[in-house]
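Chemist: Once you have looked at the hints, place chain B on chain A.
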Amino acid sequence: MIGTEHSRRRFLTRLLAGAATSLLAGCDTATRSPWLHKLLGLGERANGVAQRLVTARKSMAQEFSAADVSPEFRSNGTANPLDPRYQALAANQFRDWSLKIDGLVQKPLELTLRELRSMPSRTQITRHDCVEGWSAIGKWTGVPLSAVLNRVVPQASARYVVFHCADPMDDGKPYYESIDFDDAYHPQTVLAYDLNDAALPIANGAPVRIRIERQLGYKMAKYIMRIELVASFAHIGAGNGGYWEDQGYEWYAGI
Amino acid sequence: MPVRPSASEYVYSRHSLAVRILHWINVAALTILLMSGLQIFNAHPALYWGLSSYNGKPPFFVLPHGFPGWITLPGVQWLSMGRRLHFFFAWIFVINGLYYVGYSIVSRHLKRDLTPSRSDWRSIGESIWQHLRLRHPQGEAARRYNILQKLSYLFVIFGLLPFVILMGWAMSPRLDTVIPGWVDIVGGRQSARSLHFIAAWTIVAFVLVHVFEVIITGVVNNLRSMITGRYSIKAERVDDRH
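Note that the protein sequences, when read in sequence, are chains A and B.
Letter 8 of the first sequence, counting from 1, is numbered 19 in our numbering, and no numbers are missing.
Letter 95 of the second sequence, counting from 1, is numbered 100 in our numbering, and no numbers are missing.
Chain A with its partners taken away, still in its complex shape (with noise of 0.2 Å):
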């Protein structure tokens, strides 16, 4: 009786032990497969429409204490464009650099690094959370992003803020991000020039990063050269909205 209970027992927990394997190996592959992939994006597409639900539109980050802020604002993806155009732009202290705002707008604009440091500026200091897990403390000071769209006077099929950056990625594609309106016209929301108190560094974004205080970091675009308004990013890069959502990163990045 003893032997059969004892055997039965070590027959049950193998095949529970080898379900489990097999389960997890499934899903590992599983994972591979398109359709999967976005059955399991419906998780993340439901982070983004709670997080609007239960936060008002123009909610605001939270800001900090000079105290607070990080001895060194870590550099994370690109640190030097390896661009010959950027790194020409560089050598001169971003002096012939130019913001290029146009797409689905009523007036195209090129604003250049003094215009834009002699227009109202906003300075906030505030947490920059990676999709990596860390987080940084920084004091930005920009050009709040609303004040250039009134500028350009979007037109009214414009739905998306697109950023086109100076840096190729490793795979040689162009950085970009988008954002929608509600992001686009928060008042933390800013084309950042300044640092701690100095010009933004270049392994921070030099001459121009965009801050967008409710999203994760990716979503900060660096290096920014054009500003496009767009009805839709689907004809952009792999059409998903940002270089990182193109390798299979969320488009709304609140979490």
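In short, the hints are calculated from the structure, not lab data.
Worth double-checking, as some hints may not be accurate.
Here are a few chain A residues that face chain B, going by a calculated C-beta distance under 7 Å [stated by the list, open to error]:
1. GLN62
2. ALA77
3. ASP79
4. SER81
5. GLU143
6. TRP145
7. ALA147
All residues carry an ideal CB built from backbone N, CA and C; glycine is no exception.
Modeler: Only chain B this time, still in chain A's reference frame:
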């Protein structure tokens, strides 16, 4: 009076169908949440205390090479898929958990089976002593959860699991704007990330003890009761092991 064959052993229905289904969905969801969570941790395998990771203090925990592939999902370094899995199963876990809590209240499972009675509270000292000696209630007494069992289940259901969810939300820059600064209650976003990690391993510790108790109190009987519902009660043995 129930009719009991031979009066020494009988089988009764211990777990309702709802509890059994909810339990196994929870097992699957928590397993995938843990493994995909470790995948996400591996993207930056260090833990900090405070508002940010760079505040002049070093991390209090570093795992230079991260967790090995056999315990992460996917098994290779793949952060975006880890996140996709984590958030998909987080929704399943939360919906399943909410359904369980609602069901437990409405069906009186919570009041009948999980809420300690006055005599339960009086037995706490004895129960601790019996647990330490790995002795468990036999016969009719085994039909009810003992006081330590009730308290651990209540702690996990209404303490640990909601806490791990809350610390997950605390990591969301968007949810942090609900009331700016609420995440400082636990010391800041990086503290919340560390607490999310610690709470996850506390769940693992609970599961290890839970499975250990399942095994030593009759693995086949216990497993069967959580699959088919049927649990067999044996007659109380006269303790002759003095």
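Chemist: Are any of the numbered hints broken by this structure? If so, which, sorted upward?
Modeler: When the structure is compared with the hints, only number 2 turns out to be violated.
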